[in-house]
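*Asks:* Chains A and B, in that order, give the protein sequences. My numbering numbers the first residue of the first sequence as 618 and each following residue consecutively. My numbering numbers the first residue of the second sequence as 345 and each following residue consecutively.
Heads up, some of the hints might be wrong.
[Said to hold, decoys possible] Just some of the chain A residues that point at chain B, by a computed CB distance under 8 Å: (1) Phe690; (2) Met761; (3) Ala768; (4) Thr772; (5) Leu784; (6) Phe795; (7) Ile797; (8) Ala811; (9) Met813; (10) Leu815.
Keep in mind the hints are simulated off the structure, nothing from the lab. These numbers were taken from a predicted model, which means no experiment stands behind them. Positions of the beta carbon are idealized from the N, C-alpha and C atoms, including for glycine.
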Amino acid sequence: MIPFVPGLPADFVTQLLAGMAVNFQIAAIALAVGLALGALLAWSKLGGGILGAAATVLIGLMRAAPTFVVMFFLLNIIPRDATLFGIGVAPSGIMTVALSLVPYSASYVADNGAEALKQLRTGSTLGALLFLPNVTRAFFVLVMSSSAGAAIGVTEGIAVILREAALLPTLDQKLVLFAIGILFFGVTLQVGFAIMRLLQRHLGRRATGA
Amino acid sequence: MRAWPILLFVVAASFAALPAQAETPDAALAKLIEDARAEASVAGACAKPEFDRLVRVFCDNRLRPGVREYYPLFGTRQGQTRSGYDVDVARAVARHLGVEPVFTRVNAASRVPLLADDRIDVILATMGHNTQRDGQVRFIRPHYYQSETIMVGPRALPVKGWPDIGGRTICVTIGNGSNAQIVSHNARLMLFDEAGVLPGQLRDETCTLAAQDDSFFDYYFIEPDFAERFDKKFGFAQVPWGMAVARVASADRLARALDLMSQIFHRDGVFLEIARANRVGTGFLERQQAVWKRPECDTATGSTNPACVLPALKADLEPTPFAGRVAAFESWVKARTGIALSLPMFKTMPAWSLFKDGIANSLILIAGALAATLLFALVLGAVQSTRIFLIRWPARAVTVILQSSPVVLTLVIAAAVAHAFFAYSSAVAIGASIVALGLMNGSNAGQAIAEAMQSLRTERSAGPQRTVELFGRAISRAATQIVSFLINAAKGTPIASFIGAPELLSALTDITAFASGRATTYSLLLVFYVAIVVVVVWLCGRLRILLERRHA
Numbered sequence: 618m619i620p621f622v623p624g625l626p627a628d629f630v631t632q633l634l635a636g637m638a639v640n641f642q643i644a645a646i647a648l649a650v651g652l653a654l655g656a657l658l659a660w661s662k663l664g665g666g667i668l669g670a671a672a673t674v675l676i677g678l679m680r681a682a683p684t685f686v687v688m689f690f691l692l693n694i695i696p697r698d699a700t701l702f703g704i705g706v707a708p709s710g711i712m713t714v715a716l717s718l719v720p721y722s723a724s725y726v727a728d729n730g731a732e733a734l735k736q737l738r739t740g741s742t743l744g745a746l747l748f749l750p751n752v753t754r755a756f757f758v759l760v761m762s763s764s765a766g767a768a769i770g771v772t773e774g775i776a777v778i779l780r781e782a783a784l785l786p787t788l789d790q791k792l793v794l795f796a797i798g799i800l801f802f803g804v805t806l807q808v809g810f811a812i813m814r815l816l817q818r819h820l821g822r823r824a825t826g827a
Numbered sequence: 345m346r347a348w349p350i351l352l353f354v355v356a357a358s359f360a361a362l363p364a365q366a367e368t369p370d371a372a373l374a375k376l377i378e379d380a381r382a383e384a385s386v387a388g389a390c391a392k393p394e395f396d397r398l399v400r401v402f403c404d405n406r407l408r409p410g411v412r413e414y415y416p417l418f419g420t421r422q423g424q425t426r427s428g429y430d431v432d433v434a435r436a437v438a439r440h441l442g443v444e445p446v447f448t449r450v451n452a453a454s455r456v457p458l459l460a461d462d463r464i465d466v467i468l469a470t471m472g473h474n475t476q477r478d479g480q481v482r483f484i485r486p487h488y489y490q491s492e493t494i495m496v497g498p499r500a501l502p503v504k505g506w507p508d509i510g511g512r513t514i515c516v517t518i519g520n521g522s523n524a525q526i527v528s529h530n531a532r533l534m535l536f537d538e539a540g541v542l543p544g545q546l547r548d549e550t551c552t553l554a555a556q557d558d559s560f561f562d563y564y565f566i567e568p569d570f571a572e573r574f575d576k577k578f579g580f581a582q583v584p585w586g587m588a589v590a591r592v593a594s595a596d597r598l599a600r601a602l603d604l605m606s607q608i609f610h611r612d613g614v615f616l617e618i619a620r621a622n623r624v625g626t627g628f629l630e631r632q633q634a635v636w637k638r639p640e641c642d643t644a645t646g647s648t649n650p651a652c653v654l655p656a657l658k659a660d661l662e663p664t665p666f667a668g669r670v671a672a673f674e675s676w677v678k679a680r681t682g683i684a685l686s687l688p689m690f691k692t693m694p695a696w697s698l699f700k701d702g703i704a705n706s707l708i709l710i711a712g713a714l715a716a717t718l719l720f721a722l723v724l725g726a727v728q729s730t731r732i733f734l735i736r737w738p739a740r741a742v743t744v745i746l747q748s749s750p751v752v753l754t755l756v757i758a759a760a761v762a763h764a765f766f767a768y769s770s771a772v773a774i775g776a777s778i779v780a781l782g783l784m785n786g787s788n789a790g791q792a793i794a795e796a797m798q799s800l801r802t803e804r805s806a807g808p809q810r811t812v813e814l815f816g817r818a819i820s821r822a823a824t825q826i827v828s829f830l831i832n833a834a835k836g837t838p839i840a841s842f843i844g845a846p847e848l849l850s851a852l853t854d855i856t857a858f859a860s861g862r863a864t865t866y867s868l869l870l871v872f873y874v875a876i877v878v879v880v881v882w883l884c885g886r887l888r889i890l891l892e893r894r895h896a
């Protein structure tokens, strides 16, 4: 049982961790698709010409697309019984949230990928390697943003907290519960950033041969 | 002898004075079927491209009812086996016509379009008869069932009526006739295609409250574990259910046949028998049987007698003054491009009002979030730049906490605190969203200002340092970060709909809950927000240049 919040179920922490695993799953899918699409866009952008101009416009539009709106757009535009060659292609709730994060991840990867390629061409390996910690940073931003899934019924970490909060009678108890949520997500985020800093330092040492 | 003619005259006069025997629904239906069958048997009659739909039923020897597949007790499917009250009524209708039923799956959103596209002959799919739908389909009278919408939630949840609904998320099915009423009580909707998923969503606590017909939840309340966890909070919008055919002249005789059949089924207890076999409530059907046994109702014209039939639920949405032009534009686009454009937000006054308010609220929200982000950035930047430890470190702690909280959680916390001080209203939800978005993005921008301040102090450690001037330079140095978080704040505004802020996303979700055209609506929404963010990016770019030039 969680202290100060008597109404919570005994397996609340397990449920919360299972929910947070969904947040990580969503972020991983979004980043994987974003890396593939972003690399393609970065390569097209650096190539110049009409393709480069089109890629630049597309990256700009993807950067401007609000995740929450994209999520509702995907949810409502793809029929639940959509099929392609007889195979159901309607995305699940988790996949819908992940796909809604792709415009952000792909534009981020394209921007940083293009910058890394530029650095590589000018001979700055260290500058190019900054791409890796930047991608790690994007991953944790995606983990935090994936909480939007609560709005469409995806049982991720925040949805677990909110469904318990709805049953708590007082604001005090709710605030304690919310603080627990911040603690869990906060620790994850700070550990992630610590890993990112270690990675950055390690790469820096390798690049400079130190 | 003279008495006989007088007696005969009296007897004849007595018979003449009796009211003429009204035609029975049975006789009228038999004649209608006989005529249609005869027409169908004429050589070449069935090859005509446009012909009467009742005749076509006999030509094809089939009736195509649209039924649900995921609505327990009324329309379900396991493999090739269909069952439920609606399904059995469809079978009884087909049997009475002497043809085979060929079922098509429909749901609340697809049933009317499928009928309009002539892919089904009759809707038998838990469809409530309201005045709004009267313009789309031809309802069969008498109605074959009646239900009301009920709000279901966990027993522990203190919800007793409409005042407890404001700001809460209610899970509903798209196209449900009572959605507009729920929206009018400041609730936000989570939309689902099929009612069948709602109990599961309640069980896994994805939905805290779900609204659906009582007939639907009847089945689940039979289950002990469901009944133990959930209860009915309150009911509203009693509505009769009707079979429906297309509102075209060629379907008139089919509609008439179904009207008569429905009368007969009520009078003879056919509906009642089917209801008992499927374990659905029979109160309405028992009352209707008594009505349709009455001599004044049990006639061929009974289905048009206001004393016998039930009125449709009044749910007419007032059209906008330009609804006709919008419809003409939709037709024009379809004729030229083949794209079925649907613009429900311009067609009815409630939708138009929601749409206008949604745009206005979105713009207020964006302007507010930008201003709040800038304000919190400056305040938190200044506080984190101070040399006084006791002020600096709490501000840093607040920043770390805000950075560690997912956006949805921060919004919910802001809303919970706001609701503790103020009664729920749209303004409170918008205000809480502005504060939350401002704090989240402002704390990050403020941290950037503090870091810039620190770097400036290090660079000028030997020289004189006027704090105000230095702070101005720190803002210039952190301009890129500030602009980045301003853009982020603008992009984040749609998420305010999560706590009930009635911005455009929220408004359009409400509109699509009671109107069609989801694809067009959400495409327009995406275009609107991308355009707004592009404008904000451009404005922020100008601001960054201004800030950078000030202290260059």
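*Asks:* Hint by hint, say whether it matches the structure.
*Replies:* Quick rundown of the hints versus the structure:
Annotation: interface hint on Phe690 (chain A) holds; nearest CB of chain B at approximately 5 Å, less than 8 Å. The beta carbon of Met761 (chain A) comes within 5 Å of a beta carbon in chain B, closer than 8 Å, and the hint placing it at the interface holds. Taking 8 Å as the C-beta contact cut-off toward chain B, the hint placing Ala768 (chain A) at the interface holds, the least distance being around 5 Å. Contact between Thr772 (chain A) and chain B, as hinted, is supported at the beta carbon level, the nearest pair being about 6 Å apart and thus within 8 Å.
A least Cβ separation of about 6 Å between Leu784 (chain A) and chain B falls short of the 8 Å threshold, and the interface hint therefore holds. Taking 8 Å as the C-beta cut-off, the interface hint given for Phe795 (chain A) holds, the closest approach to chain B being about 5 Å. Among the interface hints, the one on Ile797 (chain A) is violated; its C-beta lies about 11 Å from the nearest C-beta in chain B, farther than the 8 Å criterion. Checking Ala811 (chain A) against chain B: minimum C-beta separation of about 13 Å lies over 8 Å; hint violated.
Look at Met813 (chain A): its Cβ only gets to about 14 Å from chain B, farther than 8 Å, so that hint breaks. Against a cut-off of 8 Å between C-beta atoms, the interface hint on Leu815 (chain A) is violated, since the closest Cβ of chain B lies about 19 Å away.
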